[in-house]
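Chemist: Here is how the chains run, residue by residue.
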Amino acid sequence: MAKWGMVIDLDKCTGCQACTTACAMENNTLPGESWQDVLFYHEGEYPSGQMKWLPRPCMQCEKPSCVYVCPTRATYKDENAGGIVFVDWNKCIGCKYCMIACPYGVRFYADEKPLIEPDMREVYPGQNKQLWSPPYQNPDEDWRRGIGIQPPGVVSKCTFCYHKVSKAPAGTVDFDEDNPAVKEYVPACVRTCAPKARYFGDLDAPDSQVNQLIGDKHGVRLKDHTGNKPQVYYLGAGAGVPAFTPADKGDKS
Amino acid sequence: MNNNSNLLKGGMGVVLLILSAVILVVSLFVALTNLGSQGHASFNTSSTLPWGQPIATYLYFALASSGLGLLASLPLVFGFKQYYPVAKRCVFLAFVILISGMAVLALELGNVFRMLWAIPLNLQVQSAMFWMGVFYALDLLFLLWKFSKLDAGEWDSKTSKQVGIASFIGVLLASGNLALIFGMMSMRPFWFDGLLPIYFYFTGVTSGMAALVFFVYLAHGFSRDRMHPTLQSLLSGALPKMFAALIGGTLLFIAARAITGVYSNNPEIHLVWSDYLFASSLYHLSLWVGLLLPFLLMLNGNFRNQAGVQLLVSVLVFLGLFAERFYFVVGGQVVPLFKGTWYPDMIAYTPSLTEWALTFVGWSLALLLIVLGERFLNLSAMPDGVAESTSARPLAAG
Ligand code: SF4
Ligand code: SF4
Chain S
1 MAKWGMVIDL DKCTGCQACT TACAMENNTL PGESWQDVLF YHEGEYPSGQ MKWLPRPCMQ
61 CEKPSCVYVC PTRATYKDEN AGGIVFVDWN KCIGCKYCMI ACPYGVRFYA DEKPLIEPDM
121 REVYPGQNKQ LWSPPYQNPD EDWRRGIGIQ PPGVVSKCTF CYHKVSKAPA GTVDFDEDNP
181 AVKEYVPACV RTCAPKARYF GDLDAPDSQV NQLIGDKHGV RLKDHTGNKP QVYYLGAGAG
241 VPAFTPADKG DKS
Chain U
1001 MNNNSNLLKG GMGVVLLILS AVILVVSLFV ALTNLGSQGH ASFNTSSTLP WGQPIATYLY
1061 FALASSGLGL LASLPLVFGF KQYYPVAKRC VFLAFVILIS GMAVLALELG NVFRMLWAIP
1121 LNLQVQSAMF WMGVFYALDL LFLLWKFSKL DAGEWDSKTS KQVGIASFIG VLLASGNLAL
1181 IFGMMSMRPF WFDGLLPIYF YFTGVTSGMA ALVFFVYLAH GFSRDRMHPT LQSLLSGALP
1241 KMFAALIGGT LLFIAARAIT GVYSNNPEIH LVWSDYLFAS SLYHLSLWVG LLLPFLLMLN
1301 GNFRNQAGVQ LLVSVLVFLG LFAERFYFVV GGQVVPLFKG TWYPDMIAYT PSLTEWALTF
1361 VGWSLALLLI VLGERFLNLS AMPDGVAEST SARPLAAG
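Protein chains in written order, with our numbering: chain S, 1 to 253; chain U, 1001 to 1398.
Be aware that a few hints might be false.
Pairs of lysine to aspartate or glutamate residues, derived as EDC-like cross-links and limited to a Cα-Cα distance of at most 20 Å, are as follows [said to hold, decoys possible]:
hint: 1; chain 1: S; residue 1: K3; chain 2: S; residue 2: D248
hint: 2; chain 1: S; residue 1: K196; chain 2: S; residue 2: D224
hint: 3; chain 1: S; residue 1: K113; chain 2: U; residue 2: D1345
hint: 4; chain 1: U; residue 1: K1339; chain 2: S; residue 2: D248
hint: 5; chain 1: S; residue 1: K223; chain 2: U; residue 2: D1156
hint: 6; chain 1: S; residue 1: K196; chain 2: S; residue 2: D9
hint: 7; chain 1: S; residue 1: K196; chain 2: S; residue 2: D11
hint: 8; chain 1: U; residue 1: K1339; chain 2: S; residue 2: D207
hint: 9; chain 1: S; residue 1: K52; chain 2: U; residue 2: D1345
hint: 10; chain 1: U; residue 1: K1339; chain 2: S; residue 2: D224
hint: 11; chain 1: U; residue 1: K1081; chain 2: U; residue 2: D1156
hint: 12; chain 1: S; residue 1: K196; chain 2: S; residue 2: E177
Distance windows between CB atoms, simulated [what the hints assert, rightly or not]:
hint: 13; chain 1: U; residue 1: S1280; chain 2: S; residue 2: H218; range: 40 to 46 Å
hint: 14; chain 1: S; residue 1: G49; chain 2: U; residue 2: S1280; range: 30 to 36 Å
hint: 15; chain 1: U; residue 1: L1251; chain 2: S; residue 2: H225; range: 32 to 38 Å
hint: 16; chain 1: U; residue 1: L1123; chain 2: S; residue 2: K223; range: 40 to 46 Å
hint: 17; chain 1: S; residue 1: V220; chain 2: U; residue 2: Q1162; range: 53 to 59 Å
hint: 18; chain 1: U; residue 1: F1078; chain 2: S; residue 2: F40; range: 33 to 39 Å
hint: 19; chain 1: S; residue 1: G44; chain 2: U; residue 2: L1251; range: 39 to 45 Å
hint: 20; chain 1: U; residue 1: A1348; chain 2: S; residue 2: V220; range: 31 to 37 Å
hint: 21; chain 1: U; residue 1: G1308; chain 2: S; residue 2: E43; range: 31 to 37 Å
hint: 22; chain 1: S; residue 1: V220; chain 2: U; residue 2: L1032; range: 45 to 51 Å
Calculated directly from the structure, the hints in this document are not laboratory data. C-beta: ideal position from N, C-alpha, C; glycine also.
For reference, chain U alone in the conformation it holds in the complex (with noise of 0.2 Å):
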């Protein structure tokens, strides 16, 4: 019924889809030409600082299609009923957030092609990386599969339940695996932890909270009114209030860290605190505005279920997660490694023009992908009783 109700099927669909394009081409270009012509030296990455932005762009991305996996199994695995209306939006949002992820960090490595025979002909079965390769791979196919099932109306079938259950284990299996390419380097203090797959989660999901919040209103061209009531009251009840109860657990796993951090004697942890992250007035302004700020504003049950700080918060806490996850994979590297006085301070770094292409080139490409969705998908698709059931119901407006 609501399919009409979708504005990217109309014409604000074809300006973004066009601005979509136009960034990617443009990001695309910059990348190439200057890959082409000076390889990896047109990044700001160095033998001793060698992961840099793209690599928190993909993780970013990652963790977000995660997250939005996770979500998507609340309805799917777990029958939280009133997760229904979003389910099918969020495995699309997690197959292409991913999608493009993989792309930046495509753009990234040495030697692209190599990695296709490399990884599967060798079989180090003792990296990480090897296992992010499999899971993430495996995480696809079953999103894939499981948006097929969804798709073809399929929503309580035993298969779909069973592809269902399994593209959650997918997603706990890559994500987890993810954080552990971090958290098991104990030469590298900052992200040694053996509990970084729960905090990947949890702010994988908050992201990936953030990413749906957002492109459901972009979608209804930021008007509750033109969804389809079930929605509108998820948007108005369970949903928001997970929102902040996500947004709260963020905050205390980053406080956690770093009380743990600036408390550590350990120069190669403590420094990294005190004098990187909060000696930026960058990653204060994502700390307090791009997740305290949302999560006070949630906090407040009037706000919680206003549209339009629903989208401001979500926009907030994309930008303070994407932050977040670069001062993460660059913190892990700022305290020089057995570098004597060759390297008297932390290492400087700030990403190259080309390492911003590929940012953009990871958030045109999703952004392109997601408006072909919504166009030529029935993405607020939903099991036929659940529509019903509340269609009927009155609803108190946003």
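Chain S extracted, bound-state conformation (with noise of 0.2 Å):
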């Protein structure tokens, strides 16, 4: 069975966000709620002072804290999926329990104050239980593994772009945008990146371009203390997540 795994290389990208915008139309999510985003974040002070940014989806935990906090098993892996996490939103209870959980923060509750006005979901009010229905929606619904609209009251996350990675030929190991018998299966965020800086693959296939770049390139996993184990990994200098300092307390060290 394949484990679906991601390589992000920071060398390559220039936080341009085609990925969370790439995101955001294919799966249809409101304004802030970017289950791909992308971070940004200063450290140090002149004369060394950094600006790093690093892409952000859903790390599809090997060891997921959102699945084992969820009193509903409404979160949950799937091994037979390549291991993604998804949310069933037929069975999701609104606790939010694994938004406290997620050590990523990249769980939304969509149900909240609006990021921007007009508020989409006044603009396109929800129909067939939906939470909001904008006139162009991707034709892929699959409510229990959170793909789709959800309805109110649920929690949503990035599934790999499962419905598209769901339809490749068995066997494919490598997603490759430039292979032109595979693009349309390609999640969205890899398929739009311009310096192609995303990378999709089978990490359970030896071979697989995935693999290699981890081997290769030194692959590191984020926040790896917490023990989360991300079946998403990041390659190049600035791959490490500097701690919080409020923007009023600049790094004095």
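Got two chains here, separate frames each, mind docking them using the hints?
Modeler: So this is what it looks like as structure tokens:
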């Protein structure tokens, strides 16, 4: 069975956020409900101050703390789907414990104050139990896996574009957007990445491109001390996340 | 004998009944209309700070209930006979306060009715929240059962004893597990603490004691003379001493957590104390006026036994611990987790009108049920032997 993994090369990533936009388009997420986001960090001060950034999808952890805390098994890790962690919108009670327990802050409860005005939920009021119903929607909908537009009162998150990935020919290990045979099945963020900083493939296949990159270019997992063991790896300088420092308290060290 | 002395059975009870019913209806109306029209967007919580005041309110009620359950076990399980006069009231208060907390939690959830089948059918035994459902359901059941035994006058029968022990264990499991919902979250270092159950037991009993003292006085029109002599001697003897010790212990716990937190270099703990809790005048108020002042008052042997002081202390502790729960729940989330410069500062949170309405739903529902209980049940009942043995003894008035 495959184990889907993602590799993000921070030496190539320009922080353009095309992935964020592509994800929002693909999955019809609300403003602020950024299943895929790009995080920017400042570190240090003149003359060695740095600006860092990293794209952040759900890490689809091997040991997902969000799954362990969910009282209803609405959040579950599907080993038959490459280890993707899904939210079953038919079961989620909206207790938000998973949002407390995810160290990466990648889960969303879109039933919240709107990020921008006008509120898209008022512009396109929800129909058929959807939280909102924009005119153009991804036709793929699978509430058991948290794919589509969610109903109110549930948690949503990145699905590694399972609705695309699952349609790839059996045995696909490298999802390379430049390969015409598989490009339709590549997750939206990977496919859209202009500098080709993102790779997607099978972590269980020894020869897969993702495995080679992780091995050759020293792939690391973020916040590894949490023990969640992400299936998302980062390459290149800048894969260290500075500790939280309030804006008015610059680093004086 | 002292049935008639319960003021809530008379006109004052009717007034309180109407008052609490009005507050309940109004706050429920505000909460339901806002939730109906805006959903949870009517809360000021967000994906970055998902648990707000309604969760803190639930926590407060659940722990006050557990505290009352533990107080009830003093006479019913451990044989501290002088606490018999409050045992039945403790069990009743524990029951209705828990119900009120659960009502608030139900209105906080995204899909409350789904919970009824989704939790039992999926048996996610790895989740502390699953066990919260199991243990608090058991707790509720045992409280009801124990109350029905006491109401039937069965204080010392074998089943009554067994139900008492079961209830005691149920309370320990429920509130200890509730603590672990927070205490096991290693990704939230402000909460992560294996000894959190002990902290919850202690503070829970303190808030339970505050509720007990207040409602005992309320039932007797704030006058000790109306009370049964056994109850009078408890209120001028063992109980205030224990209340003092509980507040003192609570302060010690908070001090230990604060010192560790401020000392720690980890900004996810340190900053919560230095830049959120200790930067808030409301937190200072809750700490110094809500806990330290009551403790100092209760330290003094003369003050401690005065009815007015006890009443004041119970109200202050009640409010102080409510704030404590709020800052505990929110404090675990104010440092943004993995958000980069999108969140350059701590996450600001003040409860919205709807969230306040939910808090008032909880308080008014509890008050309503308590007054109903005082009117229709004999909550001051105690075993005959206890009532008689002390009633003859002269008592120093408070
Ligand atoms: S990153 Fe968070 S939401 Fe995703 S699997 Fe890990 S713990 Fe769960
Ligand atoms: S909010 Fe939904 S998915 Fe998250 S823990 Fe609760 S029931 Fe599970």
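Chemist: All the hints need checking, so say for each whether the structure fits it.
Modeler: Consistency of the hints with the structure:
no. : hint                         : verdict
1   : S:K3 x S:D248                : violated (43 Å)
2   : S:K196 x S:D224              : violated (25 Å)
3   : S:K113 x U:D1345             : holds (19 Å)
4   : U:K1339 x S:D248             : holds (17 Å)
5   : S:K223 x U:D1156             : violated (56 Å)
6   : S:K196 x S:D9                : holds (8 Å)
7   : S:K196 x S:D11               : holds (11 Å)
8   : U:K1339 x S:D207             : violated (34 Å)
9   : S:K52 x U:D1345              : holds (18 Å)
10  : U:K1339 x S:D224             : holds (17 Å)
11  : U:K1081 x U:D1156            : holds (12 Å)
12  : S:K196 x S:E177              : holds (9 Å)
13  : U:S1280 x S:H218: 40 to 46 Å : holds (44 Å)
14  : S:G49 x U:S1280: 30 to 36 Å  : holds (31 Å)
15  : U:L1251 x S:H225: 32 to 38 Å : holds (33 Å)
16  : U:L1123 x S:K223: 40 to 46 Å : violated (30 Å)
17  : S:V220 x U:Q1162: 53 to 59 Å : holds (57 Å)
18  : U:F1078 x S:F40: 33 to 39 Å  : violated (58 Å)
19  : S:G44 x U:L1251: 39 to 45 Å  : holds (41 Å)
20  : U:A1348 x S:V220: 31 to 37 Å : holds (33 Å)
21  : U:G1308 x S:E43: 31 to 37 Å  : violated (58 Å)
22  : S:V220 x U:L1032: 45 to 51 Å : holds (49 Å)
Violated hints, in rising order: 1, 2, 5, 8, 16, 18 and 21; the structure is consistent with all others.
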